[in-house]
Amino acid sequence: MSYHSFLLEPISCHAWNKDRTQIALCPNNHEVHIYKKDGNNWNKIHVLKEHNGQVTGIDWAPESNRIVTCGTDRNAYVWTLKGDVWKPTLVILRINRAARCVKWSPKENKFAVGSGSRLISVCYFEQDNDWWVCKHIKKPIRSTILCLDWHPNNVLLAAGSCDFKCRIFSAYIKEVEEKPAPTPWGSKMPFGEVMFESTGTAGWVHGVCFSDSGNRVAWASHDSTVAVAEGGKTAVCTSLTSETLPLLCVTFITENSLVAAGHDCYPVLFVYDSNKAALSFGGKLDIPKQSAQKGMSARERFQNLDKKATSDTKEAVLESVHKNSISQISILNGGKAQCAKFCTTGMDGGMTIWDVKTLESAMKDLKIV
Amino acid sequence: MSKNTVSDRFRKVDVDEYDENKFVDEEEGGENQLGPDEAEVDSLIRQGNLMGALQAVLKNPPINTKNQNVKDRAEGLVLKVLSSFKSTDIEKGVQSLDKNGVDLLMKYIYKGFERPSENSSAVLLQWHEKALSAGGVGCIVRVLTARKTV
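If you're matching them up, the sequences are chains A and B in order.
Residues in the first sequence are numbered consecutively from 1, following full-length UniProt numbering.
Residues in the second sequence are numbered consecutively from 1, following full-length UniProt numbering.
What the hints contain is simulated information worked out from the structure, not anything from laboratory work.
Backbone N, C-alpha and C fix where the C-beta goes; we use that ideal spot for every residue, glycine too.
Check each hint, because a few of them may be wrong.
Partner residues aside, some chain A positions facing chain B, computed with beta carbon under 7 Å [what the hints assert, rightly or not]:
id	residue
1	Glu63
2	Thr199
3	Ala202
4	Gly203
5	Glu243
For lysine to any residue, the following SDA-like pairs were computed, each having C-alpha atoms within a straight-line distance of at most 25 Å [claimed, not checked]:
id	chain 1	residue 1	chain 2	residue 2
6	A	Lys139	B	Glu129
7	A	Lys308	B	Glu129
8	B	Lys86	B	Met51
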């Protein structure tokens, strides 16, 4: 894995361009910085200044090369590259609280914004008026929407919320698309219909992700659990309580394997077995380098006992690559079906690129099915 | 200084009660939850079967009930069982529980911390240490985030 420290402040959110040569990130302020990879260095090539509040979500559409950003100033901007400059277009979301997350749909003709106003704004471009229009999904959301993910059919949207539930909504906009085919989550999909609602977990849902086929959805909750639901006549839900601190972001790397990361500062692997409908812990994906164990003199031991009430030789230093919570994880190569590389950014201002093959070979017993 | 001549009762009004967007937890039937069976647990303690008593006292946790008496009785019973364990047996006791059992035990431990009595804190701290090594910090996070607890 390769670690690059961009800043000293947390990276609020990030997004990659199509060929993964440029990364757009928010350095915990009102701006978006775009860095370009140049050999081993990252050079800042653009600064996007338009928001009046912290930018909480960035998404970069790979095909149409448009960036959508949303922020605590209750606005979203769609940026298009004109020559060498990124030009913003304001999108009126009609929300009265901060926007928290934004995602382009797979076909890039719509995007969804989750906000603290207890609703999701689904925005699409109206050709006649040359303007982005938004529709709201309100019921039955009862608190802030923290995370969103689109189903590959461009219609279903999974949303994780602070009212302790993960839901799948239909975001079907008849102006821009055809009626969708039936899916395991249901066949009638009018706009705003709840196709699935989770029960059981008791924490804010920090991260949600559809699998590559769209038949499974996984979410990470603040009560240190991860759950996977499989669509069907009756959705089958399985959850796993973990012994670690809560996870903040989760993504599928194959149809059966998930990688999640959070307040423990290292990514972990989970494996889902659909035959047994069971989720199991696959392994910790961060192997700290073995530092040389130097012996301790009696004096040092006594000093430690005096200062820290323990004669432990372990230092209170995090051994993981990231030195603070990991807040976002994104797939670089291979898609959600056969991910080869993924990237994590966190509150330590650093970004790490993880290579799945190297991890598999470095850790025995690690099987990514 | 000038005395307050007008009523200040308005300062005691809880404005959150009148918020139309107030989050109300879903109601789940809790009328039938009576807590662990006192007779059964007492007899097991008297017999010296402490492992059995631990399993018995962790059955039927009064999570959904609004009856505070039931909750207090359950907590008292759990404390009795935990105190009757020898220090060396605590680890074995914790190992005999499954994941949900460890979570539930941690909930009772923290409930016990809320109202310390004579010797309860020392006993609870020993149990806490063993439960922590079994359940990890995730177990404590679940105690903190649980909407309905014992």
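Results for each hint:
For A/Glu63, the interface hint is violated, the least distance from its beta-carbon to any beta-carbon of chain B being 39 Å, above 7 Å. At its closest, the beta carbon of A/Thr199 sits 9 Å from a beta carbon of chain B; the interface hint therefore is violated under the 7 Å criterion. This hint holds: A/Ala202 has a C-beta 5 Å from the nearest C-beta of chain B, less than the 7 Å allowed. Interface restraint check: A/Gly203 against chain B, minimum CB-CB distance 4 Å, threshold 7 Å, status holds.
The restraint placing A/Glu243 at the interface with chain B holds, with a minimum CB-CB distance near 3 Å, inside the 7 Å limit. This hinted pair does not check out: A/Lys139 and B/Glu129 have alpha carbons roughly 44 Å apart, beyond 25 Å. About 19 Å separates the Cα atoms of A/Lys308 and B/Glu129, which keeps this hinted pair within 25 Å; it holds. Our distance criterion of 25 Å between C-alpha atoms is met by B/Lys86 and B/Met51, whose separation comes to about 11 Å.
In summary, the structure is inconsistent with hints 1, 2 and 6 from the numbered list given earlier, while agreeing with the others.
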